[in-house]
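Novice: Go ahead and model the full structure; you've got the sequences and the hints to work with.
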Amino acid sequence: MSALRPLPRWADIALLPLLNLLLAFAVSGLVVLMIGQNPLLAMWAIVTGSFGNGFNIGYTLYYATNFVFTGLAVAVAAHASLFNIGGNGQAYIAGLGVAIVCLALDQTHWLLVAPLAMIAAAVFGGFWAFIPGYLQAKRGSHVVITTIMFNFIAAAIMVYMLNRVFKPANVMGPESRTFAPGGRLPKLGEFVPFLQHTPVNLSIFVAILALIAIYILIWHTKFGYALRALGHNPTASRYAGMSNSRIIMIVMAMSGALAGMVALNEVMGVQNRLVLDFVAEAGFVGIAVALMGRNHPIGIALAALLFGALYQGGNELQYVIQGLDRNMVVIIQALVILFTGAMEGLFRPGLQFTFMLLSPEQKAEAVARETASSES
Amino acid sequence: MSTGEDTNAQRPDTAAASPPASQWAIELEKINKRFGEVHANKDIDLKVERGTIHGIVGENGAGKSTLMSILYGFYTADSGTIKVDGQERRITDSRHALALGIGMVHQHFMLVDNFTVLENVVLGVEDSAFIAPSLKRARGELDRIEHEYNLEVDPDAVIEDISVGQQQRVEILKALYRGAQTLILDEPTGVLTPNEAADLFRVLETLREQGKTIILITHKLREIMAITDNVSVMRQGEMVRTLKTSETNPEELAELMVGRRVLLRVDKAQAQPGKTLLEVKNLVVADDLGVVRVKDVSFSVRAGEIVGIAGVSGNGQSELLEAVSGMRDQRSGTVVMNGRELELKGDDGAARARLAGLAHVPEDRQRMGLVTNFQEWENAILGYQDRPEFGAGMFLDIQAAQREAEARIAQFDIRPASFRLKTANFSGGNQQKIVLAREMERNPDVLVVGQPTRGVDIGAIEFIHNEIIRMRDAGKAILLVSVELDEIRSLADRILVMFDGRIVGEADPATASEGELGLMMAGVTNGDAAGTEARP
Amino acid sequence: MTLAVILSTLDATIRLSTPLLLACLAGLYSERSGVFDIGLEGKMLAAAFAAAAVAAVSGSMWLGLAAGMTVSLGTALLQGLAAITLKGNQLIAGVAINMLAAGLTTFLGQTWFRQGGRTPALGPGERFEPVTLPLARELSGVPILGPIYADLVSGHYVLVYIAFIMVPVTAYVLYRTRFGLRVRAVGENPKAVDTAGISVTLMRYQAVIITGLLCGIAGAYFSIAQGSGFGNNMTAGKGYIALAALIFAKWKPVPAMFTCLLFGFLDALQIRLQSARLPVIGEVPVQAIQALPYVLTVVLLAGFIGKAVGPKAGGVAYTKER
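Sequence lines, in order, name chains A, B and C. Residue numbers for the first sequence follow the numbering used here, beginning at 1 and rising by one. Residue numbers for the second sequence follow the numbering used here, beginning at 1 and rising by one. Residue numbers for the third sequence follow the numbering used here, beginning at 1 and rising by one.
No wet-lab data here; the hints were simulated from the structure. Worth double-checking, as some hints may not be accurate.
Said to hold, decoys possible - Short, incomplete list of chain B residues facing chain A, as computed with Cβ under 7 Å:
id: 1; residue: Phe201
id: 2; residue: Val336
id: 3; residue: Asp348
id: 4; residue: Ala350
id: 5; residue: Ala351
id: 6; residue: Arg367
id: 7; residue: Leu382
id: 8; residue: Gly383
id: 9; residue: Arg387
id: 10; residue: Glu389
id: 11; residue: Leu485
Ideal Cβ placement from N, Cα and C applies to all residues, glycine included.
Specialist: Spelled out as structure tokens, the structure:
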């Protein structure tokens, strides 16, 4: 019913998310004002806290690594029109695989352990997403609901495993023993002194490779073509000879494997042991990252960096401004999801209208298309 | 609204008590409606005489449904006036239209599938906050209406359990229960068997005798001639003319509809059938709900011939088409191509059929044949994306695909000639050309085509028909399914008539009369008594 | 096992089922009207915080309850704005609401009360007390039935009774009233409702409002009845269990009650078995019981025990199309 035509590509992928982000910041700023603090000061604290020095940048990159993985996990599934809310559970279960490999082989060398741990993370995380994928493909169970359920099942399994299986007898808390140096990924700070002693580690390169690989997969391979066809129109993809159920299962497994890489970063890269809740909320942040990044690797890289900065800056916030802390960032993140994911209708029509008014050639094109369609 | 009397403004008794008004039940003046860039209704004038059946004909997309949706308050006109019983009215929503005594039976029924007939009837016109009294009163009222108009339906049946014809009756009952004096029916026979359609017409005649006004939207001239008193013709959003049905004929109406003389026959040479390329043996196919739609069907198609499947829509043609092309699992039976049996079951049956040399132009191109969100070039290789010419191994050769798209655009005169344009932005005819170009160009042995010209403009129809003939003359075996009998008669070399999931007869398009085919489509064969209903 | 043990387990079952039941019935209204709601958790959490905060500040549990319901209602309306008016993605709206509630409650709790995110502990009058039903004490001597009445039926918070009364009320509203008829219709075929002259938007908002109010009661139950004050993330995923229960109950009120009782029972059992060793089986991993509601729901969704088919128009914003 709308006379408005779609936005130009750049506005769709850059301007609109930016407007939504600004709105999210504005609303969060109001919350800060509400408790009697200066939002601009808070903003500045976040910026310096995340990029102010090598130490802060190191932490920002460490968080961003996680968010690239979970963002890609959500995005790959989203291209096939599947909403994977289970990134948290998949990353959590992937921790099992990483821990098993590291515990078994940490007397060797990390160069041997890292690839194996990566494969284990992918297999465990992928498996945890494959089951919902299988149930969606073969039994028609909605993947959103099953992945939510699988998050909770994963949590229960991990508590059990940590308490009953991984916990050494002489340790009180539910956690595995610490890996020997052969089971640890080197920190980036060892090579780049600027980054100091921060958790960012070699898995950031895995994240960069994943971004490139996913870009190629989605837009330059036949499988990517198939999964996009499925995402837009499952009947047409079946007509095109694709096996929809196979694509769904593969895509979900891929998505889970990507989420599983969080375990590589956290378990092998940072904690060097398996602990409770090491995923934190990375899986959910991935939803915000994918929405913000428009499911495109470049966008995801930028959005992951943004959220990495917000997380790190949010940590620093509490030392600068009394009463403000990381929860501020959770609020911003929730608002970003709300505005970019669920309230697109807020800005899009207005923006489309503005573009109509501003651009004479678009008007001309619209008229041309009208004549074309009235001929039919 | 807590008492039983306060909603009676919508009841027939009060509506009938209104003063004897003008001769015209409905008058529309200078109605305009735009949807974005499409001008769906341009300065439409229409007068409908009370107590008559008024037909509105036009091609798909002529603006008939839009006009009626405006009258029914589902859309609001951009400009123009509406008079009901001679008084000017602003109809802002459907409730308003109902209160003015206008009821509508939509093409796609507006029923809640898991509700009973009774619940559907009272929905929106409940007497009070509690539904028990409404249901009780409706039961009595329905009983009266059913007897008066001979419209029997079990009030306690659940909608999803009753036949399409019955569901349509529920829609009519709904309108009458709401006190409709004017009843709009949008393409009412599209989903009906011939028997059900005949029943419907009897009901409409009874309604006219009782003084109701009926507006019948259709694109079937036969129905117009059979039942209407007056007929208005629409074309491309404009009202072309209104005529007395008794003073016109189908040829004149057809000409008004399309704007020029229709080419009723396609020029084609005598078929030169070669060896059998496609053989269907004892095929049994069920639909998504598990209802068997194709019942033990066998036939064959030879090289260089077009076999047309005729039938009222919903008699198993769609399922037959989908099974043969690998889109739907068959229950039993086989499909043999070039002497080799096709393995069609499973998720990738369509891939195997295509590999064996079968091309498929689906009935519903937007739902099945295209990913409308894709750019044109991406659709130009849909189904053939795994071919080596579009990239070796796992990678997609985008340049090759775009070259392919460009070539087909030129060859089939697809407009606008831009392979980067989103497919949804092409017109129906051009979308169909994208599909046809893709499917014909891979030099298949067998071409399976469903509704090749549905929603396609006249110019493109001719083009598409000629392309199909060209394929035949190139020695391909072509299976054609269409609900347009004229299309089948002008294209096919042999006609198979399907009724209730079976092939009930074969006819030679050169010799068979329309009446003969019509009888077969109605399930009456070899002097049988009246055919059975398509659905139990 | 003695009668006392059985009774106390069942008593715990009722206590633990109550918030599930309220949230489940809340979700039922929204989802039956065609708006999928995975934001039950967030609405409850927000309500729990608001209820505790206002009860602590005002000293009145009733004001607390009202505040909880108001905040939950506001949240529901925000979700409705996204999902109904702006035609956004309903699932993403739910995710956002859950996250927003988690962030805001912790943040505001910390800033306002400075007790590590907790609200001040509530005293008498600021939180609900168990209600002793008439004759409970007098009849407790009657064998079997007496203790059942006195311990199991009597002695709960008033919100518990409200929750269970809401079951027949919801069933009646859904199946016997004009409102229920229209809600069910709008979740199945909104176009049919639109052409009948009823506003789809209005119907869905009405349903979402009820969802907000019921979630508000459920949230208040956590912080000013079962607990005495708000703690970080105190709903602990119960909103998701309620969602699971709703699916398990196939979106019907009476089965919803039984499912919530079952899930509540599993919870009670899990607490009771925390350190117990059973004969034969040995020590039961409590995690297995904790995960059981989720596993059961997945099994149901997979169609191995019956089939869960939701409202047909659920999850999709209604647009008048050409």
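Novice: Tell me, in ascending order, the numbers of any earlier hints that this structure violates.
Specialist: Of the numbered hints, 1, 2, 9, 10 and 11 do not hold.
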